[in-house]
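Q: As given, the protein sequences belong to chains Z and B, one line each in that order. Residue numbering for the first sequence follows numbering that gives the first Met the number 0, beginning at 0 and increasing consecutively. Residue numbering for the second sequence follows numbering that gives the first Met the number 0, beginning at 0 and increasing consecutively.
Calculated directly from the structure, the hints in this document are not laboratory data. Don't take every hint at face value.
To be verified - The calculated lysine-lysine pairs, modelled on DSS-like cross-linking and capped at a C-alpha distance of 27 Å, are: (1) Z:LYS81 to B:LYS38; (2) B:LYS165 to Z:LYS95; (3) B:LYS101 to Z:LYS75; (4) B:LYS89 to B:LYS165; (5) B:LYS38 to Z:LYS75; (6) B:LYS165 to Z:LYS81; (7) B:LYS57 to Z:LYS81.
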Amino acid sequence: MRRALAWLILCLLPVLAFAQAIQPLPFRDRAEEVRFQRLSAELRCPMCQNETLADSNAPIAHDLRRQVFEMIQAGKSDDEIKTYLVDRYSQFVLYKPPVEPSTWLLWFGPAVLLAAGAVVVAIQVRRRARQVPASTPANDTEDDW
Amino acid sequence: MSRLLPLFAFLLLVGLFGFGIWWNTQHDQHEIVSPLIDKPAPAFSLPVLGEPARMVDKASLLGKPYFLNVFASWCIECVHEHPMLMTDVKQLGLPIVGFNYKDDPQAARAWLAEHGNPFDVIVADRDGRTGIDFGVYAAPETFLIDGRGVIRYKRIGPITPEVLDKEIRPALAALAKETP
């Protein structure tokens with residue numbers, strides 16, 4: 000019996016964490032709540048470097064969540080809310096920065112690297128194909144790597 | 000030639016990681032460059048700490064450069080920074096406006112009584128809304144605002160002797176040059 004009780008308490012403990020993390024905001028409807036959750040998951044907490052506004056428990060994240068909520072209530076668009084935050088905290092707050100010259104490296108860098116790798120591989124393959132005629136594949140025992 | 004290729008690849012990686020380490024020693028990861036530098040400070044109107052009826056706004060501070068120092072009694076780094084404000088920063092001769100950020104007024108006054116008050120005037124931003132306009136995300140932070148109300152410099156984190164000499168004095172020298 001005591002064992003069962005101990006298990007029950009143990010299982011209920013995580014609920015406490017929830018109780019602490021969630022501050023209920025008075026949303027008008029479900030759509031508004033979904034929008035708020037999506038927006039705050041796209042925005043980055045300035046203080047904690049790698050947490051979203053939705054996840055962070057930092058005081059500034061709490062304040063900015065309140066700000067986002069109030070701007071939603073005031074009928075502002077997502078872009079207006081993002082611009083508001085970027086004007087104050089720079090593009091750092093956007094997890095998905097806009098495509099512009101200063102972020103080209105970020106957006107296209109990986110693709111460029113991939114293409115460069117593909118070119119290197121293609122050159123190697125061609126060169127080896129020329130060195131080793133197709134008729135004598137068995138002689139290719141020497142690996143020059 | 001192709002035997003050396005792995006070596007080149009390795010050296011390239013060493014160079015890349017080395018640059019990363021060097022970069023991180025030169026830059027504070029927690030510092031977000033404020034987009035407000037060289038832009039007009041946001042308009043604000045806040046009550047004076049301890050005198051809720053008296054308001055201070057941006058317009059009333061125009062005409063002379065001043066420091067705006069974000070502090071709070073709950074802020075641990077502020078205690079370390081405070082002696083600098085009391086002596087070296089004060090000696091620069093500019094007014095220091097205290098920006099009491101998300102603080103309990105009584106706790107703030109007790110804190111100042113204990114550590115000293117270097118401020119010419121202190122405004123209280125209890126709910127942190129004006130702080131958001133200034134892009135404040137932690138304390139301490141210090142702004143240098145010129146006589147026309149433009150933010151010229153921002154320090155995120157405590158003012159150290161090094162920051163004073165390498166950043167604040169040059170910023171002041173630049174200010175002095177343009178206003179004869």
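Q: Each of the hints needs a verdict: does it hold here or not?
A: Against the structure, the hints come out as follows:
no. : hint                : verdict
1   : Z:LYS81 to B:LYS38  : 19 Å, holds
2   : B:LYS165 to Z:LYS95 : 34 Å, violated
3   : B:LYS101 to Z:LYS75 : 26 Å, holds
4   : B:LYS89 to B:LYS165 : 17 Å, holds
5   : B:LYS38 to Z:LYS75  : 24 Å, holds
6   : B:LYS165 to Z:LYS81 : 34 Å, violated
7   : B:LYS57 to Z:LYS81  : 25 Å, holds
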